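Q: Sequence order for the protein chains is A and B. Mapping of the first sequence onto the working numbering: position 40 corresponds to residue 40, and the numbering continues sequentially without gaps. Mapping of the second sequence onto the working numbering: position 25 corresponds to residue 25, and the numbering continues sequentially without gaps.
To be clear, the hints were calculated from the coordinates, so they are not data collected in a lab. As the structure is a prediction and not an experimental result, all values here were calculated from the model. Every residue gets a Cβ at the ideal spot worked out from N, C-alpha and C, and that includes glycine. Treat each hint with caution, since some may be false.
Incomplete in silico selection of chain B near chain A, CB under 7 Å [as the list claims (entries may be wrong)]:
1. 42
2. 90
3. 105
4. 107
Straight-line distance between alpha carbons at most 25 Å, and here's what the computed BS3-like set of lysine-lysine pairs gives [claimed, not checked]:
5. B:30 with A:42
6. A:94 with A:71
7. B:52 with A:94
8. A:56 with A:68
9. A:94 with B:13
10. B:13 with A:42
11. A:42 with A:109
12. B:52 with B:30
13. A:94 with A:56
14. A:71 with A:56
15. A:68 with A:94
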Amino acid sequence: GESVGLHLPTLSVQEGDNSIINCAYSNSASDYFIWYKQESGKGPQFIIDIRSNMDKRQGQRVTVLLNKTVKHLSLQIAATQPGDSAVYFCAEKKSGTYKYIFGTGTRLKVLA
Amino acid sequence: DAGVTQSPTHLIKTRGQHVTLRCSPISGHKSVSWYQQVLGQGPQFIFQYYEKEERGRGNFPDRFSARQFPNYSSELNVNALLLGDSALYLCASSPGPTANTEAFFGQGTRLTVV
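Whenever a hint applies, use it, and build me the whole structure from the sequences.
A: Below you can see the structure in the form of structure tokens.
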């Protein structure tokens, strides 16, 4: 399949370890944030979202942390599995607007 | 339930030609957005359509146009193709134009301009 991002920052983790992917967002007025996972040859797939009135949200094996003071978002993946290998994008949105603004992405490589 | 469907999946065009890409949103979703994803970058917003009207436009030239049909499906048209238009074109559907909910993406159309 085609590679989503040949020159993206890459995070390599051992299978079973925890992964932390970071993202700096651009607009202090953004109040909704999403993490997407994109596998080669596929469209972005929703992982987890968070609204600005929260600073942490947990899903199944994933946690998103939001620090509005420094405009920083992180995605934590517990017990990383080979199927987690993909490119991860954060996206931000402001209420009343129509577009999502995507970050540049991070490639996650899970080592067996 | 069918997700967002896009056609074709791959396309090769020559510089100067015109291309039409198609998208069917999730049933019940009335908003369709188009994004361009160049290799190595995140998706960039092109258009949003809601109830057949353009609600938003990104920083793209007038060679890019789109429309939405009564059944909420959408077409993206690009005229006078340039090499730099080579990218993955993604369609996303959502219930409304500005709702703070996830956008559901299709698998994309890979356009190569030669």
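Q: Honestly, which of those hints from before does the structure not fit?
A: 9
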